[in-house]
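Chemist: Please model the complete structure; the sequences and the hints are all you need to start from.
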Amino acid sequence: MDKPFAITLDPGSSLANRTGSWRTSRPVYLDRLPPCNKQCPAGEDIQGWLFHAESGDYESAWRHLTKDNPFPAIMGRVCYHTCESACNRGQLDAPVGINSVEHFLGDEALKRGWKLTAPAVETGKHVLVVGAGPSGMSAAYHLRRLGHRVTVHEAGPLLGGMMRFGIPKYRLPRDVLEAEMQRVVDLGVTVNLNSKVANILDTMQAGAFDAAFLAVGAHIGKRAMIPAGDAAKIIDAISLLRSMEGEDKPMLGRRVVVYGGGNTAIDVARTAKRMGAEPLIVYRRTREKMPAHDFEVEEALQEGIMVKWLSTIKQADESSLTIEKMALDSKGFPQPTGEFETIEADSLVLALGQDVDLGLLDGVPGLQVSDGVVQVGANMMTGHPGIFAGGDMVPAERNVTVGIGHGKAAAKHIDAWLRGEQYVPPPKHEVAAFANLNTWYYTDAPKTVRPMLDIIRRQSTFDEVQGGLDEGTALFEARRCLSCGNCFECDNCYGVCPDNAVIKLGPGKRFEFNYDYCKGCGMCVAECPCGAIKMEAEEI
Amino acid sequence: MSFQPLHFYQTGTFTIGNRLLAEEDLSVQSDIERTNSLNSGHRACQGCGEALGARFAIDAAMKAARGRLIAANATGCLEVFSTPYPETSWQIPWIHSLFGNTAAVATGIAAAIKVKRQKGEMGDVRVVAQGGDGGTTDIGFGCLSGMFERNDDVLYICYDNGGYMNTGVQRSSATPPAARTATTMPVGPEPGNAFGQGKFVPAIAMAHEIPYVATATVAGLHDLEYKVTKAMGMRGARYIHILVPCPLGWGSASQDTIRLARLAKETGIFPVFEAEHGEVTGVLKIRRQQPVEEYLRLQKRYAHLFGKTPAVETIARLQAAADKNIRKYGLLDQEAN
Amino acid sequence: MLKQTEGSHAVAEAVALCRPEVICAYPISPQTHIVEGLGEMVKAGEVANCEFINVESEFAAMSVAIGSSATGARTYTATASQGLLFMVEAVFNASGLGLPIVMTVANRAIGAPINIWNDHSDSLSQRDCGWIQLFAETNQEALDLHIQAFKLAEEVSLPVMVCMDGFILTHAYERVDVPTQEQVDAFLPPYEPRQVLDPTQPVSIGAMVGPEAFSEVRYLAHAKQMQALERIPQLAEQFKEVFGRDSGGLTHSYLTDDAETIVVAMGSVLGTIKDTVDEMRAAGDKIGVLGITSYRPFPIDSVRAALQNAQRVVVLEKSLAVGIGGILSTDVRMAMSGLQLHGHTVVAGLGGRAITRKSLRALFAQAARGELGHLTFLDLDWNVVNKQLERERTTRRSGPAAESMLRDVGVIAARIG
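Chains as they are written, first to last, in numbering that gives the first Met the number 0: chain X, 0 to 539; chain E, 0 to 336; chain V, 0 to 416.
Among these hints, one or two may not hold up.
[Unchecked claim] Below 20 angstroms or equal to it, Euclidean Cα-Cα: the simulated EDC-like pairs (lysine to aspartate or glutamate) are: (1) X:Lys503 <-> E:Glu293; (2) X:Lys2 <-> V:Asp274; (3) X:Lys503 <-> E:Glu32; (4) X:Lys313 <-> X:Glu340; (5) X:Lys503 <-> E:Glu23; (6) X:Lys195 <-> X:Asp356; (7) X:Lys2 <-> V:Glu154; (8) X:Lys503 <-> E:Asp30; (9) E:Lys118 <-> V:Glu191; (10) X:Lys503 <-> E:Asp24; (11) X:Lys2 <-> V:Glu191; (12) X:Lys508 <-> E:Asp30; (13) X:Lys2 <-> V:Asp378.
Hints were generated in silico from the structure; no laboratory data involved. As the structure is a computational prediction, the values presented were derived from the model and not from experiment.
Modeler: This is the structure we're talking about:
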């Protein structure tokens, strides 16, 4: 078209006008650390694997998850999921049911028979792992993935350690436990059962190991000094739980008193209930002060387990216990009141904590033990070069998730140490705080409630209490994730830019800014739902 | 509800797009191949709501018209920032004639298209007219009303930023009460724009009983696209009135444009609805109701209400106006109350 | 085909023969009969493929025309007087955008005082609006000029006003030769726009142009009118070949070759002037007439050539440039620049005042005697004017002038005390 001069213009010719020169600050994409990831003791990239689960690609989700933690089916059942307490969604409605999605993914993997990825290369190094509990098996897995030969020495007859001997089967069915353990063994890990390491240095020398990771569980129940008659039946909780795994179930009688306020006390009480007893928990403080997780207490109470709060046991006899009532002082500590009562009891189970048998460390030079645990550096190495430790053996909170995290961390450090290097973890991204989110864009979705087993069955059998999500509900739950701090390709930045200065790169490739035209208005930052963009001052 | 919400729980329908949605559920703006009818390089202010609204609306119209669209544009910001010689940002056939005649120019285009189609010289090309509130509710109102009553086959889109921003922020008949403009300064006994004046053109459009009238904001892209698409599926005179915050005229931060549009809707200050042949047929409900103060405080044009002695009565009058909208249009879900 | 018909209807038939595609109409006297006629023809299906739009104002009429013309449709409208003024902004815009709209202006006075009768104040007020303005002398020429106007407008991409005297031509029944469709089709090809709103070739029309290019754009508008100046006589020639009539062109000379006095005028008054000239020629006066058909572009060379051998020029115009005198005269005098001629401006026929042969003969005789002043108001009632001036001099609240003067001449004496 022979267009009239000046009044008629060619389409889109304003591309010649680079409005980017107006800018005084520029938007930049970034990944922030989601609070769930930051919180996870096992170091899982929760937001990362949920991202795959959201699209229904469960295998990718599972593979992403198992890069950090090889036991999602176990985790999904026994992890105390502090990630959910950290979840930003909790400030919006209720936290994402991360644990239940993990449970689903773990079960899905078992159902479909997905295998862990085998190592790409063999390093020729040989690492000894002592203890086939969560920490030891986690380390074995990660070491194997890094190409090292791994041999596990386990004192007990079966794999799983405290996961087997400390957690009742109604919380963790044994077929699930065994399947996830076996999957690690299938990677080429050598396991020697019933093989207690008496002296670590001897064992290492005998096997010509290049390094060792010690992960012995806290299997020794603590005893309290309770005056007891000869006929009194007193048993420690961990022994009781261990004996549940054998053929001969312990004889507890009808009236079982459990002494303690931790998770083990609850486990024991609920186990006793399932054996037909009428358990009573005696705890010296109040429910608010109880260290056991509230949901476990709640489930126990629902099952009809009684708790005697603010009470200590002063005397144990054949069929009765003497209780002293306590009162909290102004600082919240229980103080004796001098008020006593007698209750009937066929047996008393002490759930007052556990210790680790550190006998294998006797005579190891450089090694430091204090308060019944081994001291390790930031690299999980003990004072003796080449000997690393984790799980219940080291100063930390004792639970499965923490143990698994130790195993992973130790594996990385052992791997580096074997190469004469030092493992430096990548710097952490800044945390994606709730204030970084624009929550308008998320619809209000209630948390999916995991189906609970019928209350009657729960009281009388060892069937698993907490069921899993089905695929539909798992997908729903995964999609409740806000993807804090990580772009999930919602197209908001692409859509809200008044200057078309955002380039959409296509599925999975995210976006780019076109700084030729970006005027720096900041709308993309304000309207990014997940806080994955920030403004930076322009150098002028 | 104006549109059927998708059962997607991570983000619902509120984000522009999502990798998990089926293609047919994606917004036009999320499309990597969208027209960008108003292309980069335009000279709108940072965070311009009108530039955004125009691309939202015209891209959606382009999709609905399968690329066969002609636009007539009133004088005003949109025209000035998009077509200063020697560059235009428009990628579609576009004409600017005058400030007050856009609806009539569009009528002429539509008439020409009708004849050209009859003669087989042209396909089914559609027409949109667009202008700011000044060019629509004031100077262009006569032509707009004429286009409406003749039921000419034109979709008229008004980008309402509540004043004559291009000429330096003067009052229009769409300027809200109490707002400061260069011609309604915050001085004297009744600072800012007077109460009891102004007009709400969507209601006047409805009085013409034209096939379709709708309001929308730049904060509700899905609703906006739904309405443009619906309007493009109809024949005859159609009117869409889009609230487009103006950082310059409102004295707001450039990144707050969408936030303000959202607040305008969530407070009830700006009712979002649609009407067919003069009757309201759909209302976009308030999702998270906010007091109008939340909306006002972000804007310097209302700064005089929040001085040393806050203008409590004036704020209450503005709240009452929002409440009236809420009642009149039923903006709150009964269950939600 | 020869027929006895009203001027407005003749024009409507001519426009219909030009195959218009969009017609916008808003009623204002005295152009109403034209669009009424077209409206009926379109509605009856006699004009194929044409949209007839009843708009809400002249401003809308021109705006609709802008839209349709920019979309490549042959577009027509008509107006007069106040209507033309009401659309002025769009009138300038149409020419600025180079849109070949054809518009009939049924010339009529401009108020206040409101007056529906003929003079040339309306279109001459749009002297600089960038449109081509052609003035018809007769109904036949009005008809012919519309056919030429479409061709001219579309060739040079400029809008054209065809000006015809309100009532005197629009409402006069005269014999006209209405051409056949074949003739018109042979003369006027389909419209091929220079620029068009087309989704297959998108452009932005109507950009904002700053100081860096505005002068050039305006110069180009002038250059197009200069092109039109060349094309107008050529089109008249082509028209003659097809239709066998002399119509249009830039100017018409009548008995000017040996004339000592030449009267210059536009529109229907030329007929009366020629009759007067015939009488005076018969009496031996060397007097001639120059009719101007193309007011814009103004044919300076043609006018100068026609006038250069005369001794005096009398520009008789139905318009008044208040504060100086003539409007047409200004242009004619520019054409006379450097020629040793006596120039006279005569303002006549304002608001429909009849221009009689008697008055003209007296006027021309006075001119021939060298007794005519530079500016003359033909047949002005000095008695009324002086009375009003006296009234205003002596009384502060002298009241509305028009009504006072009407009372003086007795027109409304019966009704107003």
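Chemist: Each of the hints needs a verdict: does it hold here or not?
Modeler: Structure-based check of all given hints:
1. X:Lys503 <-> E:Glu293: violated, 33 angstroms
2. X:Lys2 <-> V:Asp274: Cα-Cα ~49 angstroms, so violated.
3. X:Lys503 <-> E:Glu32: holds, 10 angstroms
4. X:Lys313 <-> X:Glu340: Answer holds: lysine 313 of chain X to glutamate 340 of chain X is near 10 angstroms, not above 20 angstroms.
5. X:Lys503 <-> E:Glu23: holds, 18 angstroms
6. X:Lys195 <-> X:Asp356: holds, 11 angstroms
7. X:Lys2 <-> V:Glu154: Holds - the C-alpha atoms of glutamate 154 of chain V and lysine 2 of chain X are around 14 angstroms apart, at most 20 angstroms.
8. X:Lys503 <-> E:Asp30: Judged against 20 angstroms, a Cα distance of about 9 angstroms means the pair holds.
9. E:Lys118 <-> V:Glu191: Holds, at roughly 15 angstroms.
10. X:Lys503 <-> E:Asp24: Holds, at roughly 18 angstroms.
11. X:Lys2 <-> V:Glu191: OK: lysine 2 of chain X and glutamate 191 of chain V at ~13 angstroms, within 20 angstroms.
12. X:Lys508 <-> E:Asp30: holds, 14 angstroms
13. X:Lys2 <-> V:Asp378: Given pair lysine 2 of chain X, aspartate 378 of chain V is violated - Cα atoms ~52 angstroms apart, limit 20 angstroms.
The structure shown violates the earlier hints numbered 1, 2, 13.
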